[in-house]
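Taken in sequence, the protein lines are chains B and G. Quick note: the first sequence uses our numbering, first residue 1, plus one each step. Quick note: the second sequence uses our numbering, first residue 1, plus one each step.
Since the hints were derived computationally from the structure, they do not count as laboratory data. Hints are not guaranteed to be accurate.
[Stated by the list, open to error] DSS-like cross-link-like pairs, simulated, lysine-lysine; straight-line CA separation at most 30 Å:
| id | chain 1 | residue 1 | chain 2 | residue 2 |
| --- | --- | --- | --- | --- |
| 1 | G | K135 | G | K66 |
| 2 | B | K175 | G | K83 |
| 3 | G | K246 | B | K175 |
| 4 | G | K182 | G | K126 |
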Amino acid sequence: MRKIKEFIIEKLILVCGLASIFFVAMIFLFLLKEGMNVFQTVSPFKFLFGKSWYPISEPAQLGILPLILGSLLVTFGAAVISIPIGVACAIYIAEVAPQNMKEILKSGIELLAAIPSVVLGFIGMVTIVPWVKNICHLPTGLSALSGSIMLAFMAMPTIVSIAEDALYSVPKSYKEGALALGATHWQAIHRVMLPAASSGILAAVMLGIGRVIGETMAVMMITGNSAVIPHSILQPVRTLTATIAAEMGEAVVGSEHYFALFAIGIVLFIISFAINVTADLFLHKKR
Amino acid sequence: MIKFNIKNLNIWFGHIHALKDVTIDITANEILSVIGPSNSGKTSFLRMLNRLNELSENFKMGGEVKFAGRNINDMDAELVRKKIGMVFALPLPLPLSIFDNVAYGVKMYGLKNRKKQQEIVEKALKQAYLWDEVKDRLQTSAFKLSGGQQQRLCIARTLAVEPDVILFDEPCSGLDPISTAKVEEAMLKLKANYTIVLVTNNVKQAARVGGKTAFFLSGELIEVDKTDKMFTAPQDKRTDDYISGKFG
């Protein structure tokens, strides 16, 4: 009787484990099936590197290079802002802050993570956008820079909490070992703690970037949504995600436009997959 | 010559009174073994000497610890810890090559000259009786070494920064008898140039390395004397009971 119970539970867990892989595979297959149709009319090269995205003109021009560059630019800007601040914040919380400060900061960061992205986008629209406009003397503040700043806020909680965990889980004895050799607190942090936690910190950064590149609502609201190749971070851009969200409702099912949006989904999928694989490679290299 | 003057040392971690009114002198170029059961305060005593206790929250102290005539609390904590090296219970190599592990401290103090670094590493590894075993593979990862070798590597790392005093916190608790013998051999040779304080759970080890022995119980220093005398004619009955294995 006991053996049967064991057997059933074992198999149940196995099924649950396999389910996640199954769902990912199904999602990818579905994306692939729908998205591949677009390549009957456009070549993959033209699709990826075409410079103009006019899906409803006649004939439709389906080049997503402006969208890819838009996504990358916004993500890159957000990473430049959020990684140094996020990691520094994690170091402060894990190593420097006194106990009560630690609690306050941690709950503050959890709250930041709890704000829905549409609310953040809305706040960004009325605060960051005019601010960027005035500071940089732009005709409009709806730009990649505004998007980057906004997304940096969204990536920060992920980066801080995971990096802080990584630092916290470095054995205390490492730090004591360094201090016992006469290291100062900062030397112990940057020569022992940070290298020891580097895999966790990299994972934190990658997950933060993953969150940024997949974010849709806030960027759609404040990056200006113009599908042209950006020449500076102060120009409006449109990201891959925002394109899907904005156009899916209008695209005629089964049309070229519809399939192209699915193909964008594939591109997004591949990008986030690549980010995760890179993070994994870093993690394993360290060990 | 006296290295440490410790007078009426009391320490607390929160409400726990970890050391009670300890007064002891530690002589230079001698091994002082500190024995006692768990929670007797022997490790707290050791960590007092290089000011590691103050890293714990709620730590409070009374009394004074003088190192070479100066109160350690008036010195820079980094300087204290540079002069007073420490070897921990578990070997703690850093995720670096053998060479970089040993050169770690001096590099941190800003020594860039590669040749000088090599000299220091060789000297330290020889003093720790590890040189012959690793001289052909200094660039391999320190994690490839056995437990005993790792512990001697940690001793070499401590020696490389040229301290006056070396504190050993149960350095052989995780080692096999042969590795233990090697570490003890290194300690006996080292006492010619260094002052050594050894905290050990192993009463026999204290007897083997000689010098003086101090017996702690529940935060009190019960007795300190020449090891020979302590092990043949202890003054206090509790010492006798602990040494002969009646408790502990």
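How the hints compare with the structure:
In summary, the hint linking K135 (chain G) to K66 (chain G) is not supported, as the alpha carbons are separated by about 39 Å, beyond the 30 Å threshold. Distance check on the hinted pair: K175 (chain B) and K83 (chain G) sit about 18 Å apart at the alpha-carbon level, within 30 Å; holds. For the proposed pair K246 (chain G) and K175 (chain B), the alpha carbon gap of about 38 Å is over 30 Å, so the pair is violated. This hinted pair checks out: K182 (chain G) and K126 (chain G) have alpha carbons roughly 13 Å apart, not beyond 30 Å.
Hint violations for this structure: numbers 1, 3, all remaining hints satisfied.
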